[in-house]
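S.K.: Residue-level listing of the chains:
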Amino acid sequence: MVTFNRRQTMGLIGGAAALGLAAPAIAQNNRIVVGALRFTSHSGSFIAVERNYFAEAGLDVELRFFEAAQPMAVAIASGDVDYAVTAVSGGLISLANRGAIKVIGGALSEEPGIDGQIILASDAAFQAGVTTPAALDGKVFGMSTAGSSFHYMGSRMAQAEGIDLSFTPLQSVGAIIGALRTGDIDAWSIVPHIAKPLAASGAVHEIGRVSDYLPNYQVTTVFTSAQNAADEREKTNAFLNGFSRGVSDYNSTMIDNAGGEDGVNEMVDLIHRYVYTDREREAAATSIINGTMRLNEGARLNVGSVRDQLEWFQSEDLIDADITLETFVDTSYVETFEA
Amino acid sequence: MSDPSDHKSPPTAPIEVRFRGGGFAPRPHRWMGPVVFVAVIALLECGTQAGWISALTFPKPSDVLGAFGELWESGLLFQHLMPSLGRLAVGGAIGASLGIAVGVLIGLFSYVRAGMVPVVAAIFPIPKIALLPLFVIWFGIDEASKYALIAFGTFTPTVVATYGAVDNVDRSLIRMGQSFGLSWMSIVRKIVLPGAMPGILSGLRISLAIAIILLVAAEMLGASHGIGAYILQAGSLYDLERLFAGVVILSLLGVTLSAIIGQIERRLLRWRS
Numbered sequence: 001m002v003t004f005n006r007r008q009t010m011g012l013i014g015g016a017a018a019l020g021l022a023a024p025a026i027a028q029n030n031r032i033v034v035g036a037l038r039f040t041s042h043s044g045s046f047i048a049v050e051r052n053y054f055a056e057a058g059l060d061v062e063l064r065f066f067e068a069a070q071p072m073a074v075a076i077a078s079g080d081v082d083y084a085v086t087a088v089s090g091g092l093i094s095l096a097n098r099g100a101i102k103v104i105g106g107a108l109s110e111e112p113g114i115d116g117q118i119i120l121a122s123d124a125a126f127q128a129g130v131t132t133p134a135a136l137d138g139k140v141f142g143m144s145t146a147g148s149s150f151h152y153m154g155s156r157m158a159q160a161e162g163i164d165l166s167f168t169p170l171q172s173v174g175a176i177i178g179a180l181r182t183g184d185i186d187a188w189s190i191v192p193h194i195a196k197p198l199a200a201s202g203a204v205h206e207i208g209r210v211s212d213y214l215p216n217y218q219v220t221t222v223f224t225s226a227q228n229a230a231d232e233r234e235k236t237n238a239f240l241n242g243f244s245r246g247v248s249d250y251n252s253t254m255i256d257n258a259g260g261e262d263g264v265n266e267m268v269d270l271i272h273r274y275v276y277t278d279r280e281r282e283a284a285a286t287s288i289i290n291g292t293m294r295l296n297e298g299a300r301l302n303v304g305s306v307r308d309q310l311e312w313f314q315s316e317d318l319i320d321a322d323i324t325l326e327t328f329v330d331t332s333y334v335e336t337f338e339a
Numbered sequence: 001m002s003d004p005s006d007h008k009s010p011p012t013a014p015i016e017v018r019f020r021g022g023g024f025a026p027r028p029h030r031w032m033g034p035v036v037f038v039a040v041i042a043l044l045e046c047g048t049q050a051g052w053i054s055a056l057t058f059p060k061p062s063d064v065l066g067a068f069g070e071l072w073e074s075g076l077l078f079q080h081l082m083p084s085l086g087r088l089a090v091g092g093a094i095g096a097s098l099g100i101a102v103g104v105l106i107g108l109f110s111y112v113r114a115g116m117v118p119v120v121a122a123i124f125p126i127p128k129i130a131l132l133p134l135f136v137i138w139f140g141i142d143e144a145s146k147y148a149l150i151a152f153g154t155f156t157p158t159v160v161a162t163y164g165a166v167d168n169v170d171r172s173l174i175r176m177g178q179s180f181g182l183s184w185m186s187i188v189r190k191i192v193l194p195g196a197m198p199g200i201l202s203g204l205r206i207s208l209a210i211a212i213i214l215l216v217a218a219e220m221l222g223a224s225h226g227i228g229a230y231i232l233q234a235g236s237l238y239d240l241e242r243l244f245a246g247v248v249i250l251s252l253l254g255v256t257l258s259a260i261i262g263q264i265e266r267r268l269l270r271w272r273s
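Residue numbers (our numbering), protein chains in the order written: chain A, 1 to 339; chain B, 1 to 273.
Since the hints were made in silico from the structure, they are not lab data. Heads up, a few of these hints could be off.
Claimed, not checked - Looking from chain B toward chain A, a few residues come up when the C-beta cut is under 7 Å (computed):
hint: 1; residue: 57
hint: 2; residue: 141
hint: 3; residue: 220
hint: 4; residue: 237
hint: 5; residue: 239
hint: 6; residue: 268
Unchecked claim - In the SDA-like style, the derived pairs of lysine to any residue whose C-alpha atoms are separated by at most 20 Å in a straight line are:
hint: 7; chain 1: A; residue 1: 139; chain 2: B; residue 2: 225
hint: 8; chain 1: B; residue 1: 190; chain 2: B; residue 2: 62
hint: 9; chain 1: A; residue 1: 139; chain 2: B; residue 2: 143
The beta-carbon is built from N, C-alpha and C at its ideal position, and this holds for glycine as well.
Using the sequences plus the hints, can you model the full thing?
M.R.: Structure follows, in structure tokens:
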């Protein structure tokens, strides 16, 4: 038996520790962490990982999952996550204003002709005659927090209809659904894979579409730390390259039906590894297919929509009035357009 | 130890024996608290102005003051403060009075003690925030669920502090009352309750601090006004200045409540001096 005296043991421990500390540094070169939520709208990242698009772009990607967009944005600011996709929110813009993050591309978009986000009414409100968004005058609209995308959608809808809407913060999607079922709130808007099963259950009713009010709404954007955007152009381009290939596969299979039925099934299997993992494949498939919305090809960014959102946040005094689009968005990476 | 040569040495002068048993009694230094506060805030201000504390890490104290001034000028301060104070007062009053009542009953009656102590021990460690969705179903999304959450949170620590205080009342005083033929009611009123009062009041300090903590949790669901709602909104917008302005308000609220209990202690416990 080999015996160690104390000094040898300490030496061994020290050596092991040094090796353990050095190993990540050696592999760190192209190792990035990509933040994601378990939503179909994050499929671009899932596909790029599963089909090795990131690997082919020279990146070793680790996916890290979050429960909500806000902690993910903070994780980018703290440097724990390199790239992520999330909805534009007041928190995101504030972090950008503090020099922590930059939006570098676009992802999920509303597009006329594709089932986008749906405006729902509670059963009580629906029975009382709220069958269109215009009838929501004086009613209560649910949102997670002030300055969330729900707040933006509801407020823009109310402006377009010329009605008065009050907003109630309920923190989580689960709490909002609960309040909608009990009639504590009257209306809410949400992505189709959550809205459709709810409406089918009869507890809530579909009364309109977000795309009627915000036809080309840039719902989610790709963002990274300000440091990555400024100093790590190569790495950032490699990420966008891999991500865009994933997005392209998603659009062609799920929306343009390029692979036919088999293509959709294969894609659902792939996405099911990340989304609705606690459900049976068949139940998950319905939700995944229901949730199909266009992701921007090449991570193109609808600057017009982002500007509109920025201006709305400022008009509501949720963020500083002197934040410009340039502090929030780095347009040098992807093609931009106004719609 | 004794050294025979000692006998021959001339007698030494008598040693002065001072009083040495002063203990570690704390002495009041009124200026010390403010000095520490001012020093910490000045350090933070210097750091954020000079840039070695980044805007992401900590807001400038002067900007926090600005956010506070904005709250004051726009009149929003009272729009947020009034509902919160109402929730704190109603919830805290329900929780504390029920807690004191149950605590006294546990202290006085063995049957109640045997039945209630395990129940209280079981509900004490439940994070009340976890029950918030349930409270919304039970009491609706409006004020009642907020009162219930705060009441529930202050109830258990008050019960524990109260029956502990009743247990600690001097037994010899109670025995004396009994041998002098005082009625049961007189013993409770004249010996047990006054004797337990210091413990109950110090328990109340803890319960009310917990009530302030729970205020933020209570305003998570369905509150558009309130200090807790204001803090949560600032947090989700990553607006550090408003976040800290709200936190400072909660701190001030805590200091004020503590001072009020101090006054009550002075009044109710005058018999001690």
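S.K.: Against the earlier hints, flag every one the structure doesn't satisfy and list their numbers going up.
M.R.: Numbers 1, 6 and 8, in rising order.
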